[in-house]
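**Student:** Residue strings, one per chain:
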Amino acid sequence: MSWIENRFEEGLIITSLDWAINWGRRYSIWPMTFGLACCAIEMMAIGASRFDVDRFGAGAFRASPRQADLMIVAGTVTYKMASRVKRLYNQMPEPKYVMAMGACTIGGGPYFKNGYHVVKGVDLVVPVDIYVPGCPPRPETLIEGILRLQDMIKNQSLARDRWQGAKEKVLAASAPSYA
Amino acid sequence: MAPEEIAELLKKEFGDRVVDTTFDTSHPRIEVQAEAWPDIARFLREDSRMRFNFLRCLTAMDLLEDDKFCATYDLHAIEPAKDGKGPYTLIHGCCIQIRVPRDDAKIPSVAHVWRAADWHEREAYDMMGILFENHPDSMIGPNGKHPRRILCPDDWVGFPLRKDYMFPLEYHGIPAVTEMGQTRPVH
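Line by line, the protein sequences give chains A and B.
Each residue of the first sequence is one higher than the last, beginning at 1 in this note's numbering.
Each residue of the second sequence is one higher than the last, beginning at 1 in this note's numbering.
Note that these hints are calculated values from the structure, not bench results.
C-beta atoms are modelled at their ideal positions from N, C-alpha and C, and glycine is treated no differently.
Be a bit skeptical, because a hint or two may be false.
Said to hold, decoys possible - Computed spacing ranges between beta-carbons, pair by pair:
#, chain 1, residue 1, chain 2, residue 2, range
1, B, 91, A, 66, 53 to 63 Å
2, A, 28, B, 90, 56 to 66 Å
3, B, 150, A, 138, 27 to 37 Å
Said to hold, decoys possible - So these bits of chain A aren't anywhere near chain B, every CB distance computed over 10 Å:
#, residue
4, 22
5, 40
6, 44
7, 51
8, 65
9, 87
10, 116
Could you build the full structure based on these sequences and the hints that come with them?
**Tutor:** Below is the structure:
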């Protein structure tokens, strides 16, 4: 929402506009089709009819990061894959959210001690908004994560400077060679 | 043909380049010299009594106590059914072992004898650091010519399945220290 960000004082009342825009945003979270390991099977399950994440407006899995709002990092992130994860994140338009799904992406999981090739948590690579624990998480757990993300979006405000600041920090963090 | 007969034929053909044989085990094996391995492989594949046309598996082992690496080649001789419809039948199998010193781990490649050895040898190099000479998919690294890695990134340091492997402390700016309560970066 860069056209409106920073143009109002902190105290200015835009609550109704916030409410309307956040209502639209939180019921149309488009996740990115991005499965890395076994967690992706559970992520596919929530898109299918039994769990049907379309009920919450998050069923439009996009095959391009440029059309996605949410990156569900579903599975083990290896060091070889980390640069690709970072690149996909940088290609997503803002506002964007990252969900770390499963034990591997939260902190390395079963590979924490003896996995030479696993990133010990995807938050070492990209900023994470929602952590969904489990190995792998049940589809209900992932839906719960999407509901918590909707709560988070509900409480955001246009006038608050979230994306500008976050963008600067992310670009600074991606300055090293593997961006 | 039994493994003992295969070993007899190999000894008759190659003499003392067949180093050792072990038969009183569930996995009978014949140990050969690394330098003679391409000739022996060619013989195993093309001799009418042998006809080993299928490299089933290549295993690399780190024998840290003996200061050696060991490569194990499991070979099968299989033939198709007479009418061309049924499954392949196994004629016989054998296992060849090659031991090389850890500080000079070089084995000639047999990827030109068995096509399957190509990726197997790349993985054995990637994980264990055994140099397969004259590999068809080689590249020039900082330490000279070696097979291309198959799983790890090309710029990976070290060989992860060696028993004396040290974990990296960081990779391209991502910290890899596995301690409880390690600091996370602020994005």
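**Student:** Next step is simple, just say for each hint if it's right about the structure.
**Tutor:** We went through each hint and held it up to the structure:
1. 91(B) / 66(A): 53 to 63 Å: Since the Cβ atoms of residue 91(B) and residue 66(A) sit about 57 Å apart, the hinted range of 53 to 63 Å holds.
2. 28(A) / 90(B): 56 to 66 Å: The hint (56 to 66 Å, Cβ to Cβ) holds, given that residue 28(A) and residue 90(B) are roughly 59 Å apart.
3. 150(B) / 138(A): 27 to 37 Å: holds, 35 Å
4. 22: holds, 23 Å
5. 40: Holds, because the least Cβ-Cβ distance between residue 40(A) and chain B comes to about 20 Å, which exceeds 10 Å.
6. 44: Consistent with the label, residue 44(A) stays out of reach of chain B, its closest Cβ about 25 Å off (over 10 Å).
7. 51: Answer for residue 51(A): holds, closest chain B Cβ roughly 30 Å.
8. 65: Correct as stated: the minimum Cβ-Cβ distance to chain B is 17 Å, above 10 Å.
9. 87: holds, 13 Å
10. 116: violated, 5 Å
In this structure, only the earlier hint numbered 10 is contradicted, and the remaining ones agree with it.
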